[in-house]
Amino acid sequence: MKITTQDVARVALLSRLDFGDGEMEKFTAQLDDILTYAEILNKLDTEGVEPTAHALPLQNVFRDDVVYPSLDREAALQNAPQAEEGCFKVPKIVEG
Amino acid sequence: MELFKLTAHELHDKLVARETSSTEITRAIFDRIEKVEGQVQSYLTLTKDLAFEQAAAVDAALAKGEAISPLAGIPGALKDNLCTTGIRTSCASKMLEHFVPPYNATVVEKLAAEKAVFIGKVNMDEFAMGSSCENSAYQLTRNPWDLSVVPGGSSGGSAASVAACEAIWSLGSDTGGSIRQPASFTGTVGLKPTYGRVSRYGLVAFASSLDQIGPITRDVTDCALVMNAIAGHDHRDSTSVPGETPDFTKALGQNVKGLKIGLPTEYFGAGLDPQIDTVLQKAIRQLQDMGAEVVECSLPHTEYALSAYYLIATAEASSNLARYDGVGFGHRGAGDNIVDMYKRTRTEGFGAEVKRRIMLGTYALSSGYYDAYYLKAMKVRTLIKQDFDKAFEQVDVLLTPTAPTVAFKIGGIVDPLSMYLQDVCTIPINLAGVPALSMPCGFVNGLPVGMQLIGKPLDEMTLLRVAHAFEQQNDYHKQFAPLGGI
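So the protein lines, in turn, are chains B and Z. What the first sequence shows, in the working numbering, is residues 1 to 96, in sequence order. What the second sequence shows, in the working numbering, is residues 1 to 486, in sequence order.
These aren't lab readings, by the way, just hints derived from the structure by calculation. Each hint should be verified, as a subset may be incorrect.
To be verified - Estimated spans, in silico, between C-beta atoms of each pair:
#, chain 1, residue 1, chain 2, residue 2, range
1, Z, Gly328, B, Asp64, 22 to 30 Å
2, Z, Gly86, B, Thr36, 42 to 50 Å
3, B, Asn42, Z, Gly328, 34 to 42 Å
4, Z, Pro274, B, Arg63, 46 to 54 Å
5, Z, Gln288, B, Lys2, 41 to 49 Å
6, B, Lys2, Z, Ala57, 56 to 64 Å
7, B, Asp64, Z, Gln39, 13 to 21 Å
Virtual Cβ for every residue (Gly too), placed ideally from N, Cα, C.
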């Protein structure tokens, strides 16, 4: 096994996802399958190979410092699940 | 012939000759939708009022004797991950069930400026993650050629709507084959442009270094016309390619004499359905007869592409989809504290495949595993890209199957890894960032077979040239799915 249910629980927390017991085992098995398949990459010697993050050789893209229209506050808040006084509203973050 | 069966360029000629109106064309499309949509289920949202408004504006321009652009008044469908001002953009996810964007994607702005008509937003795999359209949170889209098989994915609704004559053209997005594989499954033409050729601004992100928007159309000429409308640099997408965009229609009407076509042996191996191979070999002989030189070549790292892709794409997805936190937009779950709220939001809002990919990507990026998985995959990506660079020193274009099989049964593939293997012929192209086009080249058991043409970076012109020349020698693009009285 590449991955255990404990690993999956840790990654679920990082991902902010919850899984029920039955689901947890199913996900673990499926992720294990995929990671086992991905082991094939270890057959390749990549010593000294530079990683490619982007296919295009574009670097440091600049544009003229001109003001373009942007969303006004009302438009930016129109999809907010909860908004108040021109702000996004969320549950309490800091206790006390 | 019924208006809904015509291509954009045929309809444009009729509009200019005043033989029909955009309103009549639009009505024909909505009548057709009325007739077959119950079976195909391509659309998540119809924008009928908008469409007739847009059509009337084009008819008014024509009445005044004004010149119109090639797509003016021609109805099309937009994949539901392209942001449309005032029109719900759900990504086929419960997460965005009520999301109404306050801005348009650049491609939508560009098509609106051309006065194209928008019929509606079409179904897809949730957040473009899937190869069959079965991962939609809302509905099952069926393949117009056979209602018991999938239309492909993730742009299944885009392809099905065009194949069922519910739209004349459509836009899809392609991260690992999501335009080309559904085009292959539905007998349509689908192009994934060079990475950066088309602005991604307003495309809901899946894997930002791989995503590209492109057309799905009935023929190659329409593909070139839609490309002319959507391609070009955009200051709102820093990865879009600066410089001039060619007139893609200039690639049409040429021959293939002296052109060198490479057949990468790795794509014609064991996993390929022998019946598809037979169809492709016939197409290859045809291209030879037309004067192309065909040579075998090799892309030696092909077998590693799928693994590299599913690590890179999921890593990028896990980061991109972190924005769905129930704060700014989208679904919010109930929770007393912030972490609880995040968890409820995401657990309720995402479907199983999206969760699986977020988990895989988060794992690949997490401390202790980053080097072994993500960094390794990015290095393998370099080797895959170099394979293409080397091949293109020898040949002008590569030819492969688009998919290893024809469209499969709905519910026929349940195991996630087996589903990922569906994309084996299309994924390396996204990793390399090069352009590729799928077009119909025959049938197996009554289902369309797609031929994939792969080009050098920014050389969509040669793809369109070969595709158009091949199309003129055949009539696959003139065959219609047997549906709704056709």
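For each hint, the structure was consulted:
1. Z/Gly328 x B/Asp64: 22 to 30 Å: holds (29 Å)
2. Z/Gly86 x B/Thr36: 42 to 50 Å: holds (47 Å)
3. B/Asn42 x Z/Gly328: 34 to 42 Å: holds (40 Å)
4. Z/Pro274 x B/Arg63: 46 to 54 Å: Holds: the Cβ-Cβ distance is about 52 Å, inside 46 to 54 Å.
5. Z/Gln288 x B/Lys2: 41 to 49 Å: holds (47 Å)
6. B/Lys2 x Z/Ala57: 56 to 64 Å: Holds - the Cβ-Cβ distance for B/Lys2 and Z/Ala57, about 58 Å, lies within 56 to 64 Å.
7. B/Asp64 x Z/Gln39: 13 to 21 Å: Since the Cβ atoms of B/Asp64 and Z/Gln39 sit about 52 Å apart, the hinted range of 13 to 21 Å is violated.
Going through the hint list in order, the structure does not satisfy hint 7, though it satisfies all others.
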